[in-house]
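Engineer: The primary structure of each chain is shown beneath.
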Amino acid sequence: MIDLTNINILPWLVPVGPLLAFAIIILITNRSKMVPATDKHEYGGHHPDYDGMTVPVVTPLSRVLSITVGLSGIIASLAIAWTIAGAATNFNGVFGQEVFAHSVEWLATGTTALRMGVMIDPLNTLMLIMVPLAVLCIFIYSIGYMAHDPRQSRFFSLISLFASAMLTLVVADNLLLMFVGWEIMGLCSYMLIGFWFEKDSAYKAAVKAFTTTRVADVIMFLGIVYLYSLTGTLNFRDILYNPEVLEKLGSTPALLFTGMTASSLIGVFLIIGTVGKSAQFPLHVWLPDAMEGPTPVSAMIHAAAMVSAGVYAVIRMYPLFEVGAHPHEGLMNTPLMVLTIIGGFTALFAATIAVAQNDVKKVLAYSTISQLGFMIAALGVGAYVAAAFHLITHAFFKALLFMASGSVIHAMEHGEHHVHDHGHDDDDEDEDHAHGAIAHAIEAHSHDSHAHDAHDSHGHDAHGAHVDHGHEDAHTGHKFDPQDMMNMGGLSKRIPVTFITFVIGGLSLAGFPLITAGFWSKDEILAEAWTGAAKGFGPHAFVFFMLAAAAFLTAFYTARQLCLTFLGEARTEEAKHAGLGGPSNVISITMQLPLIILAFFAVVAGFVGVPSDFPVLGGIFSPSHPWFSHFVENALVEPGPHPVFNWIPLLTSFAVAGGGLFLGWWMYGRKPLKAGEPDPLVNILGPMHNVLKNKYYFDELYAIIFIKPAQAISKATGDFIDKGIIDGILHAIATAFRFTGDLIKTFNLWLIDGFGDSIGQGIGWVGSRLRFVQTGRVQNYLLMVVFFALVLGLIFIASAGTAAN
Amino acid sequence: MGARFAGQDAANRAFLRGDGWVMVVGGLTPQAIAFGFFTILTLGGACGVVLNKNLVRGAVWLIVSLFGIAGMFVLLSAPFLAAVQVMVYIGAIGILFTFAVMLTRSMTNLRQRFTAQWWSALIVVGMLFVFLMVSVIVPVWGGVAPELAGEVVATTTDLGAALVDGNQFVLPFEVASLLLTAAMIGAIVIARQHEEE
Amino acid sequence: MVPLWMYLAVAAALFCLGTYTVLSRKNAVAVLMGVELMLNAVNLNLVAFWRFQSPLNMAGQAFTAFVLVVAAAEAAVGLAIIISMYRSRRSVTVDDVDMLRW
Chain A
1 MIDLTNINIL
11 PWLVPVGPLL
21 AFAIIILITN
31 RSKMVPATDK
41 HEYGGHHPDY
51 DGMTVPVVTP
61 LSRVLSITVG
71 LSGIIASLAI
81 AWTIAGAATN
91 FNGVFGQEVF
101 AHSVEWLATG
111 TTALRMGVMI
121 DPLNTLMLIM
131 VPLAVLCIFI
141 YSIGYMAHDP
151 RQSRFFSLIS
161 LFASAMLTLV
171 VADNLLLMFV
181 GWEIMGLCSY
191 MLIGFWFEKD
201 SAYKAAVKAF
211 TTTRVADVIM
221 FLGIVYLYSL
231 TGTLNFRDIL
241 YNPEVLEKLG
251 STPALLFTGM
261 TASSLIGVFL
271 IIGTVGKSAQ
281 FPLHVWLPDA
291 MEGPTPVSAM
301 IHAAAMVSAG
311 VYAVIRMYPL
321 FEVGAHPHEG
331 LMNTPLMVLT
341 IIGGFTALFA
351 ATIAVAQNDV
361 KKVLAYSTIS
371 QLGFMIAALG
381 VGAYVAAAFH
391 LITHAFFKAL
401 LFMASGSVIH
411 AMEHGEHHVH
421 DHGHDDDDED
431 EDHAHGAIAH
441 AIEAHSHDSH
451 AHDAHDSHGH
461 DAHGAHVDHG
471 HEDAHTGHKF
481 DPQDMMNMGG
491 LSKRIPVTFI
501 TFVIGGLSLA
511 GFPLITAGFW
521 SKDEILAEAW
531 TGAAKGFGPH
541 AFVFFMLAAA
551 AFLTAFYTAR
561 QLCLTFLGEA
571 RTEEAKHAGL
581 GGPSNVISIT
591 MQLPLIILAF
601 FAVVAGFVGV
611 PSDFPVLGGI
621 FSPSHPWFSH
631 FVENALVEPG
641 PHPVFNWIPL
651 LTSFAVAGGG
661 LFLGWWMYGR
671 KPLKAGEPDP
681 LVNILGPMHN
691 VLKNKYYFDE
701 LYAIIFIKPA
711 QAISKATGDF
721 IDKGIIDGIL
731 HAIATAFRFT
741 GDLIKTFNLW
751 LIDGFGDSIG
761 QGIGWVGSRL
771 RFVQTGRVQN
781 YLLMVVFFAL
791 VLGLIFIASA
801 GTAAN
Chain B
1 MGARFAGQDA
11 ANRAFLRGDG
21 WVMVVGGLTP
31 QAIAFGFFTI
41 LTLGGACGVV
51 LNKNLVRGAV
61 WLIVSLFGIA
71 GMFVLLSAPF
81 LAAVQVMVYI
91 GAIGILFTFA
101 VMLTRSMTNL
111 RQRFTAQWWS
121 ALIVVGMLFV
131 FLMVSVIVPV
141 WGGVAPELAG
151 EVVATTTDLG
161 AALVDGNQFV
171 LPFEVASLLL
181 TAAMIGAIVI
191 ARQHEEE
Chain C
1 MVPLWMYLAV
11 AAALFCLGTY
21 TVLSRKNAVA
31 VLMGVELMLN
41 AVNLNLVAFW
51 RFQSPLNMAG
61 QAFTAFVLVV
71 AAAEAAVGLA
81 IIISMYRSRR
91 SVTVDDVDML
101 RW
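Residue numbers (the working numbering), protein chains in the order written: chain A, 1 to 805; chain B, 1 to 197; chain C, 1 to 102.
In isolation and in its complexed conformation, chain A is listed as follows (with noise of 0.2 Å):
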């Protein structure tokens, strides 16, 4: 019997809820009716193929009994998520040294057996506490974001799917569990960032983002075997808390590349998986384009769930990795050589990209590429704590941010609608003001009620789903961008809450000093960096310089943004007509909502860290320990040394922090753009803009060197394997037996339609000579009567004669 008081039985539980609903969803709540398509039914994107024909819509009761049942599936999960962290955090001991595991036996192989578990220890518990939370503010988000959407009970079963699939991977105590949740997720990343399939670049970056990650996926899981193979098992507690099993793979030689260890090896692959689930470079391709998807899911990939996984396996298999080296010695070994410098290449990397940036989903997206390479590097220089650290934070606050951008964008569609329905008039800026006459009062009052159905009436395509969509301006017939931060603006009136907790989440992430949660896990990776550099350490120093550089671009283009959507005037009428219709709306409160959850997160969940030896803050939040770093190092063996606190890097994260915010501020918010004027930083930086704008072309250079080969070796090998030789194979067979019965059908008419034929007429011609025989007259017959008698006498004494003799 399952005794749900059994602390270990209870993980379990966890990735249950969702998955269960999923399923009803699915398969009993979904529910759609057919209705003709219009312009009224969003998809994304009105498609001209609808044209005339009926397409399902979900109908409002099993909308929300959809919504019901994805609500209940992730709040389950979060409860009995939370229990078992107040349990593991709680715990009489050293929560790490013991953990809450369970297994099963699931594959018997003669004397031993692959077990399947699950397995809660202090890196698992944060994850814990973070990704329900995490999911439970998109899925609210998501109610109110997706309101119109006519297949929105598919999204939430997704959504659900999604969420089992990481949680599954959290509490899986075995790589192989690990790869399944890693695998469940990337098929929903597929789904759902193609959910409006419609559109031509939805489904593609769908398809790019599935394949990039199949690409990393394959060579992790021939890791994963190589591993298997190696030790027999794939818990993690036997290989990696197993000094025995560490020091033997760090022994053998690897198979390819015998130079290597195995355990080099087997790290560098689980490494390759990881570039691709959390997009470093180089496969960092897919994710700008997974912004494709509706904006939930883009928070949902891009911060609580998908990329965190990667990270989330690297810090989980940090022993693996470690094996043979000491990096807070100085000693590195190949795969932490690949994580630092992967790592810290992508962080600047993708920092400088973002700058160039006007579509404010991009921006993020390069953010979260940059900040996991801050993740990735940090593990390479053994700084585990930190990197855990700075996955919680960052999947706090980066989950805020894309969800306030779609908020933002939300509200400037709202606008569009408005100027799309009502005209160019100067009249409409006042409206929402409400004063002077009636008709004016009127207006505005059925504006603002009218919001939604103007809103619905335009088509869904522009949530989210933006990256060459525009709705034609009645008046004007440019294409409008309502995600391009060049036509927004001022929307700080507009739409308070949305700003005020987007600036927090953007100070979070740029780590402005002591009161963000961002800047206490940065600073802890760079204290850790520092440290090495200060002992000479080569690696370090060059994650030290990479990641200050890239802290200030971050801060940097986070103040270019912060200023150029609200700060100012709105430099377009769309914007100056944004809003989210009232504080009352349902629907904004549910977008609302998360918003300010996650904003109390992202400010107050680094104050777990704050080191002991910090100044002031150290001796108020951290007594005698970090609980953060306190708890989760007791997942290693032997935990590492806590870096010493020392004024060079807190200093240089208050410089970079600061100054890259001040130069975004001073060329951004202190004259904020006006309409029309262009970019001061294409002036700066000249010719080098377009490359950061156009991502350094690497698309165009992977199109170049992997996918038109493919296609070209796809299209020859089918035209020449597949309908030369095999097709050319069944022609011939083909041809032969065609020919073969064409003999035999002629040798048969010939021989035998020919005998038969001729026989028959043989007999008529024989016939037809012979009934001249007949020719009526008796004397005739009487003739032949006489001659055979004559001849039968004949016989008769001819016989006889002979009988006689």
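No incorrect hints appear here.
Chain B regions said to be covered by chain C (calculated; three or more residues, Cβ under 8 Å):
#, segment
1, 42-55
2, 61-72
3, 123-133
Because the hints were derived from the structure by calculation, they are not lab data.
The structure displayed is predicted, hence computed values, not measured ones.
In this text, a Cβ means the ideal position worked out from N, Cα and C, and glycines have one as well.
Please build the complex by placing chains B and C on the supplied structure of chain A, with the hints as guidance.
Structural biologist: Using the frame of chain A, we list chains B and C on its own:
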């Protein structure tokens, strides 16, 4: 094959002996002369029947032939039959033929007597005669001596008695009369003129 | 005495002549005349055999008498048919009666 006819054995033996045909020829007696005369009558009349151009004359030739036969019957000690032959055949059938010739306006001067197959018929019939003579008559009965024809013969009285004797030929006799009746009626029916409708 | 075979020879000759008449004469009446000749040849045969083989057995003569009767009847009916045929088609040529040809 056992001996079926008197003399058969002798003939067979003769044949087998390789004697060839045995043709017994009697002496030239008045009987033989009469026989020759009647033979000429018979066969000549028959030839007349075959070859006549004028059917009436043909009928007369038929009568002549029938007369010859009657004579033969006399020579063969069957006087009653000879009388009957004359009365019935010549008196009735001959006249019948004559009437038929007249009634059917068969030409008195036929341009074409024979059909197209007259020569093949001639060959066949010739072969038939030769065959009969050579293979049948002479070998089998060629050696039958004329003396064997016994002196004691049945008389007309015996024939009359046989014809009405219940153990002998009364039944065929009665049936024959029925036959004649039927034939008579049939001939009348067939040959009468049908009334115009 | 004339030997048997001579009678038989005459009868055979008569028979063959009668057969020739039947087979080759165009006129139907002539054909019937040939039939009479054949029948007479048969009669002659019968009587000859009776006289030479079993002169005491009346069967020979009786048979001959019956043959004669039948011949008469047949001649009568045959001629009646010929007359009827003549009436309906004005011809007594045997060749013209060929409706059963192919």
